Structures are given as C-alpha cells and as structure tokens.
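Sequences listed follow chains S and Y, in order.
Residue numbers for the first sequence follow my numbering, so the first one is -3 and each next one is one higher.
Residue numbers for the second sequence follow my numbering, so the first one is 114 and each next one is one higher.
Check the hints yourself; a few may be wrong.
Said to hold, decoys possible - Just so you have them, the derived chain S footprint on chain Y, three or more residues with Cβ under 8 angstroms:
no., region
1, 217 to 224
2, 282 to 296
3, 383 to 393
4, 405 to 411
5, 437 to 443
6, 449 to 460
By construction, these hints were calculated from the structure, which means they are not laboratory data.
Note that the coordinates shown come from a computational prediction; the quantities given were computed from them, not determined experimentally.
Beta carbons are placed, not taken as given, at the ideal position from N, Cα and C, and that holds for glycine.
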Amino acid sequence: MQTYETVIGLEIHVQLSTASKAFCADDASFGGAPNTHTSAISLAHPGTLPRLNAAAVEGAVRLGLALDCRINRRSCFDRKNYFYADLPKGFQTTQDRAPICLGGRYTTGGASPRTVRIHHIHLEEDAGKSLHDQDAADSLIDLNRAGVPLLEIVTEPDLRSAEEVAAFMSGIRRLVRWLGISDGNMEEGSLRCDVNVSVRKNGETRLGQRCEIKNVNSMRFARRAIEYEVKRQIELLENGGTIVQETRGFDAATGTTYSLREKEEAHDYRYFPEPDLPPVVLSETYIEDLRTAMPILPEALETGFREQYGLPDYDIEMLLQERDTAYYFMEVLEHSGRPEMAKPIANLVIHKLLPWSTQTGTPLSACPVPPGHWIELLEMIDRGTVSATAAFLRLLPAMLEQPDVAPEGLAAGMQLIQSADPDMLGKVVDEIIAQNPDKVAAYRKGKKGLIGFFMGELMKASKGQADPKAAAQLLEQRLK
Amino acid sequence: MTAAGIFAASMQKFRSLSSIQAALRVGTVNCRSLVEHYLQQTEQYSHLNAYVEVWAEEALDRADRLDAKFREHPGAMGPLFGAVLSLKDNICYAGHEVTAASKILEGFVSIYSATAVERVLAADAILIGRSNCDQFGMGSSNENSVYGPVRNALDPERVPGGSSGGGAVSVQTDTCLLALGSDTGGSVRQPAAFCGIWGFKPTYGRISRHGLIAYGSSFDQIGMMGHNPADMAALLRVMEGPDGFDSTAALTQPPAGTIPHPASIACFSETIGHRGLEAGIRDVTLDFMERLRAAGHTVDEIPFDPGGGDLLDYVIPAYYVLSTAEASSNLARYDGIRYGYRSPRARNLEETYLFSRTEGFSEEVKRRILLGTFVLSSGYYDAYYNKAQQVRAILRRRMLEVFNSYDLILMPASPTAPWRFGEKSDDPVAMYLSDIYTVLANLAGIPALAIPAGNHPENGLPVGVQLMAAPGMDENLLAFGGGL
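Model the full structure from these sequences, guided by the hints.
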C-alpha cells in the first residue's frame, strides 16, 4: 500500500447567490414551496428564450480574479443535450468551448499547503430536483432550482490525499463566501463536488486510470469516499486487476462507492453552440473595475496575521472564517494604532463580539459601538481601572446598549471603577482588621488561607471598586 | 342582401390598411363590420382549412372596444387600428391554445404572449384566429399538420406552400388583412408565392422571437404576408426592435444606407439556370427582370460562385444540417413531463419520453430530430455540423459581398409551381430541394421579400419572385417593393 500515490482532481460546483436565475428573472433563492420559483422560461414553455443574468457573469469574473485565472474576453455558451425529468429544456446551458475563466491556481492554507492549478471555470445553470421518495407511485419534480446559476471549477489532478481535498474545499468555501458570491452551504447543495480519483505507483509519472465519484455533498463524505476509493483501487491493482474508467456514486450509509456507468455507457451530450445567446464580451474596463473593487483575500491576510501580529492558528482561523469578522478585527486594530493590541482585540472579537453577532443576527460591520470605545475598554482592563470580569460581564453589554456613551463614563455610572488609592484602601483595611480580631489572630498563627476571606470583605466594603492587586498587597502588609 | 353581404362585395377596395383606416375615419365602416365581414369569409372558405381556430367572439368584442375607443378618442388610435390579423399556430398568445400543429402540444394553452403579439395588440390590431401550418414549421406544403392539410384557394387540389400555408390562404381568401407567420427557410415567402400574395422575412433578429415556438433558432424569424408592402411595413414598424426577452433581437442596427432609384440588382446565373427550375417559372422571372429594366433599374446576371464552382449546391445541405441540429435540441423540451401530450401507455420515465414523442410528433418532425441528433453526435459533429457552419459562413460572406456592388438580389421564390397533394410526400429530399431559393436569406440572415410576379404560362398558377437586401435594409426593401 505504501508504494502508491493518490492523485485527485476536482470538479466543484458553486451555486451563485444571485437574486434571480442565470437566464431568467425567477427567484433564485434556496427552498420555497415546490415549483413556486418558476416561470414560462424556467419551465421551458414553447417559445421562451434565455437572457443572461449580469450578476452571474460578475460572480464568475470575481472568482476568476480571486483564483488568479485569465478572464476570457469573449466566452460562449453551449447546449449540453440530455433527457432528464428535472431538466426542463432537455439541455443544460453551459460553457463547453470557451469558458469565462481560464487557468488559475489556489494554495491551501494550514501546515502542509498545496498549490492546485485550476484548469478553467465555466458558467452554467443548475437542474431541478427529482424527489423519488415522497410518493409511493410517482417521482416528484421541483423546478425551483432549475436555472439557478452555477460556476464549475475544474482543477488539474494536483491533490494527493483526502486531507488535501478537505483543505482545498474548505478554502474554496471560505473564498466564495468571502467574495459574497455564494453561501457555500454544502447541506443545501450550494457547494458540491465530483471527485476524480486515481492511484499510481510512487515514482510513476503517468496518471493511473481514474474513476469519477459524483455529487459528493459534504466534506466528511468527500473524505470517506476518497479513502474508500483509494483502498478499492489499490486492492484491485494488487490483486492483478485493472481499473476501469467509470462514474461511481458514494453510498453514505455503507461508506462505499459503487459503479454508476462505465465509459462505454457515457452520454453523448451532443454539445453545440447555444444559438439563443450571443457571446459574452467583457471589456478591459469592466474587468479592471471588478479587479479594483476586489476585497483583500483571506490567504493574503493569513500571512500578516501570523507574522506581523503573532496570532495563534486558532485565532487566525476564527478571524478569517468570514470577511466581516476579519475586516472588523482590522478596523479596531487600526484604530488602536498599536500592533501589540492584536491579541486582546482578537480575543474581544472572537470570544465576545462574534457570539453577540450570532445571537443578535447583527453583522459585526453593523456593530453600533465605535471602535475607539473598544480600545478604551481594553485599555481600562489593562490599567486595572475595571476588572476583566466586570468589563466583560457588565460593561460590555452596557456599551452595546448605549453605544454613544464612552466606557469610562459608563463604568463610573455603574460604579465599576476600581480604586488603587492607598488612603481609601488603608481605611477599609483598618476597618476590616478591627472588626475581625479572631480571624486576624488565626491568620497570624499561620492560617494563610483566610486571605480570601479578607479580600472578599474588602471588595464588599469597597463596593467592588478596590483594585484587587493593590488591595491584596496592602492587606498582606498590615496582617503581618 | 345583408349589410355584411353588401360590404363583402365592396371589400375589393379594402385591400390596404390605409384604405381601411380612411374608411374607419369617415365612418363608412367600423371595426365590427370589418370583423363580421372577415368572419363570414372564414366560414365561406372553411373547407380550405386555413384556420385551426377562429376567435370569432373575442374578435367581435375587441372590435366593439376599439370602435368605442375611436368614438371617444379618435386621435389616440394605434397604427394598426383596423388591421385584422391571423396568427400562425406557432406564436404564443396568452390564454390561447398554441400547438405548432402538433399532437405533442395538444390542448396546450400559452401562459404568456409573444412580444410581437403584445406589440400588435398595443397598436390596436385585432387577432381573428390561429392559422394552420406545417408541424413546428417543418414543411413546404402544409401537408404536415395534425389538423390536416391547407388547400390553395386558387386550386384546392394543390398545396398552398408551407410552412405558413394557413396564413397565406387566410390572406388569399380575404379572411384578414395580414397574416403573422414565421420563416425559418422560406416558410412565409414560398406560401406567399404559391398563393399570389406578398410575403416578407425581415433581417434575422429584427423582430423578437420571444413567443415564437423555436424550430431552428439561428434561422427563425417572424414574418408576414399581405396584399402590399406598405401594410407589411406598418406591421414591421410595430413589431420590430430590441426586446429584453430575446438576446438576439435587433443586434444589428438598421444601416443608414438607402436603395436608390434606379437600383442595381444582381441575379445569380446559377439560380436562373438551375436544373430544378421549371421553365414557366424561369420565364416569369425573366419577364420580371425585363420589367425592372424597363423601369430603369439595372439587372446583372452574375455567378453566385465567383470561382465558377457549385457553391449553390451546398445551400440545401448546409441549411438542413444546421436547422435540424438546432431543432433536435429545441424540441427536446416536448417530453411529456410538464405540459402537452403524454402517452397514456407510459409507465416510467423512459416510456414517457419514448411513447409520448413517438406518438406526439409527425414523421417529418421525427425525421428532422433524428437527422439533427445524428449530425451532432460524437464522431460526426465535425463532418456535418462543423462543416455546415463553415459552409454557412462562406455563403453568408458571399451574399454580403454582393451587396457591396448591388443594392438588391433577385431570384425566384420557388423552383416549381404549387404541386398536387401527395406529389412530394414520399420524397423528403425533393421537398427539401424546393427550398433552394428561400433558405439563402435565412442562412445569411438578410431580409427578403416575395413578390407576386405573374402567372405560370402553362397552368396559370401564381409565380413569385424574391428581392433580397443587405441586413437591416428591411424598410428600404419594402419601400422599393411598394414602388414597383
């Protein structure tokens, strides 16, 4: 087994989150009562024609720019002809000869990065859904999804393991969400992938015969499907068999792959140029405008976060999960003007603000508190003006309630300011010593654990405003 | 004699939109009396089978509403006020059945209207009924309809031409003023020639195809038939122009050029000397040429193939390879799943396709689907589809090149006179070859006007010729035709 290398190429389908479908004005959102996001056009009524959704083109170009592709100045649509009940026109409108993006590459993050070359990206439309298990006698068809725009990213066979596939898919998922062109939701089918797997002896330069595993719809399934398929192919070869080029399905229940059809049975799709759609001609200005408007990509930020700010991997991963999070983090950090604030700001964002954002459904970019207030809060904690506990448990919610009031003022009003004034502290300490003569005696005899009791009394008497560090020092001094 | 009867007797002078509109304005007729007259004509000629459905009540209601509108706002009438039209059974009209004369669309009611229909209605036209045609526009004789053949009024034993045969006869028999048809390879011009009326195919994309049931998408164009070019120009002006529902509509802007008087006209020697051309048709065409010369125009006989080869022989194969390839894909949607005919014998998905399409399509439609599927198949694509695309590019280039030196191209509309029913039914290739002169305009995407040129010296049947112009010269071509 150890003498084999796994070679994997992917065809990833990204469903674009445009408002309307690829070639008509129907609602393109997920779900809805069956067959409600339809019209004469998406139902392929006689006499209807496609018209291209400009937002889908824009999504394709932006992904192409993010993946370092050459943007095709003149791409064309083709018809892929086959019959299926959920394919209303009897053909899929796709790009076969001149796809919108050519070439490109993507490097996965993490400990063992891998650069994967992109062969091309093409724009096409999704089919509807066939439901075979809803009715005893009939298959049911839901055409809400029919015509929703898809981008297909076709990679070169550059991946070498299930782990690399998972890292690549996660990266692509993050990227499409980052660009705002897809929700990347695998459960809802917004991100799907066909996996081409082959194996070859180590050192062999020719590719082995490949099998395509269709429609793997979760990251976990992709991993299991690949692991099974690699094992199957190696065992077959070791037992003197040969791999047959075929399309295989993945059975999630058994964790196995099974043959769908062999190469000889492959469809003849009879591709030909779509006569109803003129070529998509993109001007230099159009492409340059989109390039200029591109956000900084997570891969670029990752290096900076690690090397400039010294953030740990976990923090980086959390901050780069969503563009909104990363941008908010950077906004606050920039406001502080101090790179050494990166870690406390990261903690604030990851542990306090992200949960708030999730609970309230408010994006961080819409957080009402000015970044300067967060800096002030973190500095107050740093100086000991408020305790961390009081700051996060009481002051932070108050800041979100009254975003216009600066935290210092809020803290004062809520009596959360800690005091380190030796006169005030001395008076309180003296009082506590005077009121608890027996406990003082016990302490002095060696029951040092009583320091906690004295601290508690002190905080109570000072209404929580004593600076705990200064107070503990003073107590120990006077109790000697 | 009834009022409508008296009116009918005087209808001969109402063979133009301008005379109808003049009569409407002075009040000698109104829309209702016009429609009543036309309805009576449809009854009188119902045996010709030009209509598959006459919308009598709806047309009368609409006539009354237009009459009322005219009484209240005489200045607000649309440019097609008084124009009663027939609509080919492959153009969608919301709430109305549309079947492309095929069983596969039996009972299908469109949920939307073609852009062309929307526009003629907005211009105050009246639609009187749905005209018979060859199934999915596939045919040159109108014998290929689920509703039975259409008969030529001039000789009911002969075909009216096709595929818009019903539309041609609807105009020929005065059941309407103008007919809306479609022309993929001559389907408006050839029946117009066979019925002795005018037929016009605009530049490809001039009129939106939204709502026109597709046959060959890169050839299809809504066209029209009528008694004179001026009426067709009025209709064209209403229907033409860009449309958000058709990305190929009006991609070419009308050029600034004009057709001068006298005009220079080219006539390809291969078309006049073609072995398939009936002598009688050649005589009428040559006679027409002489009339043009007499009117001061120059007419030159030039070779179609500048190399002296047989380029013209590639026209029919290129057209039938490409149009059937597109048709095989365009007709895939008729699968018995969402609408139209579903075979009652079907018990599973495969049978639904197999039985519904086998029973729903005619032999000719199936022949073209099979042909188109074959030429797109893996291993044959390059030899057929790709080669035909290259031929099309050459043919188109040649046609456009001629317009650098000539204003117009003249040729016959059909190599033969209307034939008797069944004469070509067993020989599809003979039928295809009858499109030799018309498909050039569709291959090149240029406007073409079929003109009634006279009568066949042997049988007295009508003979048509065609004038073609450069892309976008539609109005100029119609104006030139009007001046003849």
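Quiz item: Counting residues of the region 405 to 411 of chain Y whose CB is closer than 8 angstroms to a CB in chain S, do you get three or more?
Solution: That given contact is violated, which follows from only 0 residues of the region 405 to 411 of chain Y lying within Cβ reach (below 8 angstroms) of chain S.
Quiz prompt | Stated coverage of the region 282 to 296 of chain Y by chain S [criterion: 3+ residues, CB within 8 angstroms] | solution = It is violated: at least three residues are needed, and the region 282 to 296 of chain Y offers just 0 whose Cβ sits closer than 8 angstroms to chain S.
Self-check item: Proximity test - 8 angstroms, beta-carbon atoms, the region 449 to 460 of chain Y to chain S, at least three hits
Solution: As far as the region 449 to 460 of chain Y goes, the hint holds, because 3 residues have Cβ atoms under 8 angstroms from chain S.
Practice problem: Tell me if chain S covers the region 383 to 393 of chain Y under the three-residue, 8 angstroms CB rule, please? | Solution: violated (count 0)
Quiz item: Mind checking, does the region 437 to 443 of chain Y have 3 or more residues with a CB under 8 angstroms from chain S?
Solution: Contact hint for the region 437 to 443 of chain Y vs chain S: holds, 4 residues under 8 angstroms.
Quiz item: Holds or violated: the region 217 to 224 of chain Y covered by chain S, criterion of 3 or more residues with Cβ-Cβ distance under 8 angstroms?
Solution: n = 4 at 8 angstroms, threshold three: holds.
In this structure, the earlier hints numbered 2, 3 and 4 are contradicted, and the remaining ones agree with it.
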